[in-house]
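*Asks:* Here is how the chains run, residue by residue.
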Amino acid sequence: MKKLLSTVLVTVLCVALFAGCSSKEEPATTASAAASAEATEAALSGTVATNGSTSMEKVIAALSEAFMAKNPDVTVTYDATGSGAGITAATDGTADIGLSSRNLKTEETGLDATVVALDGIAIIVNKSNTVTDLSLEQIAGLAKGEITNWKEVGGPDTPVVFVGREAGSGTRDGFESIVDVKDACKYEQELTSTGAVIAAVAANENAIGYASLSAVDETISAIQVGGVDCTEETVLDGSYAIQRNFNIITKQGAELSAAAKAFIEFALSDEAATIIKNAGAIPPSGK
Amino acid sequence: MKARNITEKIMHGIFIVCGMISIVAVVGISAYMIISGLPAIKEIGLKEFLLGQVWKSTASEPLFGILPFIMSSFLATFGAILIGVPVGLLMSVFLSKIASPKLASAVRPAVELLAGIPSVVYGLVGMIVLVPFVMDVFGVKSGSTLFTAIIVLAVMILPSIVSVSENALNAVPKKYEEASLALGATKVETIFKVSIPSAKSGITAGIVLGIGRAIGEAMAVMMVAGNVANMPKLFGSVRLLTTAISSEMSYASGLQKQALFSIGLVLFVFIMIINVILNTLLKGGNRNEN
Numbered sequence: 001m002k003k004l005l006s007t008v009l010v011t012v013l014c015v016a017l018f019a020g021c022s023s024k025e026e027p028a029t030t031a032s033a034a035a036s037a038e039a040t041e042a043a044l045s046g047t048v049a050t051n052g053s054t055s056m057e058k059v060i061a062a063l064s065e066a067f068m069a070k071n072p073d074v075t076v077t078y079d080a081t082g083s084g085a086g087i088t089a090a091t092d093g094t095a096d097i098g099l100s101s102r103n104l105k106t107e108e109t110g111l112d113a114t115v116v117a118l119d120g121i122a123i124i125v126n127k128s129n130t131v132t133d134l135s136l137e138q139i140a141g142l143a144k145g146e147i148t149n150w151k152e153v154g155g156p157d158t159p160v161v162f163v164g165r166e167a168g169s170g171t172r173d174g175f176e177s178i179v180d181v182k183d184a185c186k187y188e189q190e191l192t193s194t195g196a197v198i199a200a201v202a203a204n205e206n207a208i209g210y211a212s213l214s215a216v217d218e219t220i221s222a223i224q225v226g227g228v229d230c231t232e233e234t235v236l237d238g239s240y241a242i243q244r245n246f247n248i249i250t251k252q253g254a255e256l257s258a259a260a261k262a263f264i265e266f267a268l269s270d271e272a273a274t275i276i277k278n279a280g281a282i283p284p285s286g287k
Numbered sequence: 288m289k290a291r292n293i294t295e296k297i298m299h300g301i302f303i304v305c306g307m308i309s310i311v312a313v314v315g316i317s318a319y320m321i322i323s324g325l326p327a328i329k330e331i332g333l334k335e336f337l338l339g340q341v342w343k344s345t346a347s348e349p350l351f352g353i354l355p356f357i358m359s360s361f362l363a364t365f366g367a368i369l370i371g372v373p374v375g376l377l378m379s380v381f382l383s384k385i386a387s388p389k390l391a392s393a394v395r396p397a398v399e400l401l402a403g404i405p406s407v408v409y410g411l412v413g414m415i416v417l418v419p420f421v422m423d424v425f426g427v428k429s430g431s432t433l434f435t436a437i438i439v440l441a442v443m444i445l446p447s448i449v450s451v452s453e454n455a456l457n458a459v460p461k462k463y464e465e466a467s468l469a470l471g472a473t474k475v476e477t478i479f480k481v482s483i484p485s486a487k488s489g490i491t492a493g494i495v496l497g498i499g500r501a502i503g504e505a506m507a508v509m510m511v512a513g514n515v516a517n518m519p520k521l522f523g524s525v526r527l528l529t530t531a532i533s534s535e536m537s538y539a540s541g542l543q544k545q546a547l548f549s550i551g552l553v554l555f556v557f558i559m560i561i562n563v564i565l566n567t568l569l570k571g572g573n574r575n576e577n
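Residue numbers (the numbering used here), protein chains in the order written: chain A, 1 to 287; chain B, 288 to 577.
So that you can see chain A by itself, here it is in the shape it has in the complex (with noise of 0.2 Å):
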């Protein structure tokens, strides 16, 4: 009973917590669209679905809450499945619009990628940890638990405690995808959030992670990847190696409804880039 009441409550917190944000962010869109676009978006009406990435969630919720305060007649939906379903669904046209945290793959023709944000994710050691630099196989060969001591790579002379995020969360799909270590980690610990991970790693000086980059604070030390540092600059560029393309996939050819066209054009403007920003990612105008 008391596991129901906590979920019930929790529910009523998030959808709390999601009102707050529209809320805020409705003055705002509302304000600075008004006048440019009244007259084409004030007819637009129906629905625009969207399926796929689990990373994507914020910045798809985000985004489509400040178009749906603009447009009301509009109903954006989100099926969170995954990139692979994502994509499938864009080419299958079970949905107007496909999400994928991954760039397209050569065989998945006749789709177009359109990258709407950046996601960069930093690796993180203890503020005590003398490492400051590790290549893509060493972080590699650190999650496998290849490398079990930090001397391995330059450190103190102390074990390696790998600490992440749990199977489903979309940081762990990312930096497991990237780094190339997929279903072949070794955690020592899986926990369910950024923030759990960041504090994990702050209070034991053995820990290394992974965590977005928004969510880097103070209390632990990101270290360069192949010798650059995790900044929105870097990932920007491409030069910082663990950073992905939040894409927008839309089958060629296919004709698309007025919302499913509005929503694209708004996800790219620029005052979308303040929304994409808050909800963690990277526009990747860079403003």
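Heads up, some of the hints might be wrong.
Computed list of lysine-lysine pairs in DSS-like fashion (alpha-carbon distance at most 25 Å, straight line) [what the hints assert, rightly or not]:
(1) A:K144 - B:K428
(2) A:K186 - B:K343
(3) B:K343 - A:K144
(4) A:K182 - B:K544
Covered, in the sense of this in silico footprint (three residues per stretch, anywhere, with C-beta under 8 Å from a C-beta of chain B), are these stretches of chain A [unchecked claim]:
(5) 75-83
(6) 185-191
(7) 226-240
It is worth saying that the hints were derived from the structure and are not from the lab. Note that beta-carbon positions come from the ideal geometry of N, C-alpha and C, so glycine has one too.
Knowing the structure of chain A, use the given hints to seat chain B on it.
*Replies:* Quick look at chain B alone, frame taken from chain A:
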């Protein structure tokens, strides 16, 4: 007179409705757990599900073996009982037989307060105090271990054990103890040879209640146990039945989500078994006292 009759009837109806709510809730939850828990077990296979040693729910070839969770839950509960029962039992003896009424009235609210502390607070204190402590004292590389979870659970189940055992000890007829003392037994001999054996069924009920609390705890354990689906090691990271559900539920989909419901069903069955044992014990205890 008539108006009174009507209020009587209305209130009678309200009482019945309120009484039914708990039944509806229990039946509803049971039915839901069974309906939503069975499909995944059917798809995975009961043997693979219960006895499989590898849980990789999001791998390209997913594996859904929950033996690590069952073993971890079992060992964590067993460990908590191993530590919590002796301490709790002796604490209840202290409160019931040894302490002066004044001292007992100071200690008892403290124990009761322990029961009121939310589990997330246990987890928080465990995470910030106990995890680094275990890491330093036992020289392990990470303090988030089965051992840490056992310590947290042992403290959490103390109130259940203490309050039920103390009631049972207080209910032991004075004449038993007086007879023992009159025959020349010391106070300690009387406690261990007369009082505790007479209060046996009540103490067992307290222990079973503690087991129920320990096996169902998720939040506090999740914060100190590391949550990796390993076969349990005392100083290794473990994931329990409860934490397996709560840690993956937020992003789960498809068969993974169904499998989480199946874990819930397994946990539900365990708790039901414990409740049946508890009820039998309590009934047995009443019969003895009568």
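*Asks:* Taking the earlier hints as the rules, which of them does this structure contradict?
*Replies:* 7
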